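Q: So the sequence lines, in the order shown, correspond to chains B and H. Numbering-wise (this note's numbering), the first sequence opens with residue 1 and increments by one. Numbering-wise (this note's numbering), the second sequence opens with residue 1 and increments by one.
Among the clues, some could well be false.
Any copy will do: because identical chains look the same in the list, a pair fits if it lies in one copy or spans two.
[Claimed, not checked] Once the Cα atoms are required to be at most 25 Å apart in a straight line, the calculated DMTMM-like pairs of lysine to aspartate or glutamate come out as:
(1) K205 <-> E149
(2) K137 <-> E100
(3) K137 <-> E195
(4) K205 <-> E232
(5) K137 <-> E108
(6) K93 <-> D282
(7) K205 <-> E195
(8) K135 <-> E212
Read the hints as simulated data drawn from the structure, not as lab findings. Please read all numbers here as calculations on a predicted model, not as lab measurements.
There are 2 protein chains.
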Amino acid sequence: MRLPPEGRTARASPDRYRTVSGSSNRFSMTALPQRCSASGCRPRRRSANWSNASTVCPRPPGLPDASASDRPVGAAETAASRKAGPRPGVPLKTRDRILEASLQLFNEGGLAVVSTNRIATEVAMSPGNLYYHFKNKERIVDSLVRRFELRAEPIAASLPTVRSVDDLWLSLHLMIEVIHAFRFVFRDADFLIREYPGARVRVRKFTGSALEATRLMCANLAACNVLEAAPEARDAIAFQIVFTAACGFMFSKLLPSGDIAAAADPGRAAYQILTLLTPYLDADSRHYILYLRSKYRT
Amino acid sequence: MRLPPEGRTARASPDRYRTVSGSSNRFSMTALPQRCSASGCRPRRRSANWSNASTVCPRPPGLPDASASDRPVGAAETAASRKAGPRPGVPLKTRDRILEASLQLFNEGGLAVVSTNRIATEVAMSPGNLYYHFKNKERIVDSLVRRFELRAEPIAASLPTVRSVDDLWLSLHLMIEVIHAFRFVFRDADFLIREYPGARVRVRKFTGSALEATRLMCANLAACNVLEAAPEARDAIAFQIVFTAACGFMFSKLLPSGDIAAAADPGRAAYQILTLLTPYLDADSRHYILYLRSKYRT
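Build out the structure end to end from the sequences listed, making use of the hints.
A: Quick look at the structure:
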């Protein structure tokens, strides 16, 4: 994985990820050690050690800068985009306020039942004022899906450059975090795909490219002798990784109340994917993955 | 797995399953041999051979009789149920016609957008007549979820009795077939869970019991030395099996058009689950699973 120079000095650890997301509590991780005490958790193809974990924060190439974690959920990050999201400390523009409120309502209430009138009420404006900014609900959905793309595509694009399990683990967490922030896209997929043709095209294109990038990542990990799996098995693993990342939150809705909190946790999807990979990894990587897995509450 | 006497005479094979479902074409299997020619595919803990495969049709305990496959999709099977479905050759009662049409419309069009008026049009009756049979859409949904339970619960209940991979494969296929027949339950899960409290309780209860039964099945397979996995890994495998069976169809909606047909095929979910299990199986079972997997188009 092509990390910036400072990123090459530390292995991804739960501690290191804490500095990336700024929200480690959401990932169901138990109290984490500042240093790795597990035997066999030596950095592979890197010279540094875990003691840098809490200070170094590598990011996959193309990812937004670290300050992105301070931005409102779902906000776009690149200045290049016309739909650029709000910057930290700068009051939200009306358009951004509408999108923020819509995202929260869609995530919590469901895409099918949240109306533009409900959104207008949430942002304390008249339906006519809302109409001035977005002609209909479809425009809002399209804008939110574009924001999702802006966050998720760079992560997906970086997957083929992953060469070790720690980079894989980091990318997985970043991807699952973005999917969680825009979870209505996948939880209400059937409705979104049927009702919003523009969003349908974008979401399917993203899923296809994520699947292809994950396949390529698995092939490259196999070429590096990190993953030991035949091509057919690698394709199935790639499919299962994308499937688990995309649909994990939806499945949480189907579980008895007691299990919902655990399944809806983004960490659950990461844990499941690590478990999927474990038997295919070389001994060193497997040991490291088992250490990471032990940090999740099941 | 406690099979009826005649069921103990043959190993589950793609051919044998053909006689169970009566719809092997839907499972993306290539032209199947009448006998297994793969080396190492010897029956385990059984005395018979594959030559009986096309004539013997074992069923898990508690499953409806074989004639159930002739019944309309989604029809209930047990005489004990007040909601018993129509019998083969007997004209459908109005209530059954309504449920049949509703199931088809929900599966194809989506639960959120199909109204009772649309259903009434489909069965060529007035809304008032429909109201006589079902007071509202929620009653229809509840009845369909009960029919799903009647089909799926016996299969889930039989999972802890599974002792070999061929029984596992058979049960998986039966379960996925039922989920496919009632796919609106899982594809529109978010809407169903939110809008229909009665169905929510039933679906969550079913998912919870299926998860528990699958965990027990994995533990029993480990006790028989078929599955070689630590308890933590077994729980993750069980979770992934139920998740894949339940949400596979939903994920197909997210794929680019070219991949949708493959992912929506019930065989795809079975293939994925077999792949998940492969590295954890003992050598004999793994060989057999690889043979089964080779029968699916990927």
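Q: Could you run down the list of hints and mark each one as holding or not?
A: Quick rundown of the hints versus the structure:
no., hint, verdict
1, K205 <-> E149, "within (10 Å within a copy, 36 Å between copies)"
2, K137 <-> E100, "within (14 Å within a copy, 33 Å between copies)"
3, K137 <-> E195, "both (10 Å within a copy, 21 Å between copies)"
4, K205 <-> E232, "within (23 Å within a copy, 35 Å between copies)"
5, K137 <-> E108, "both (16 Å within a copy, 24 Å between copies)"
6, K93 <-> D282, "neither (50 Å within a copy, 60 Å between copies)"
7, K205 <-> E195, "within (17 Å within a copy, 30 Å between copies)"
8, K135 <-> E212, "neither (35 Å within a copy, 48 Å between copies)"
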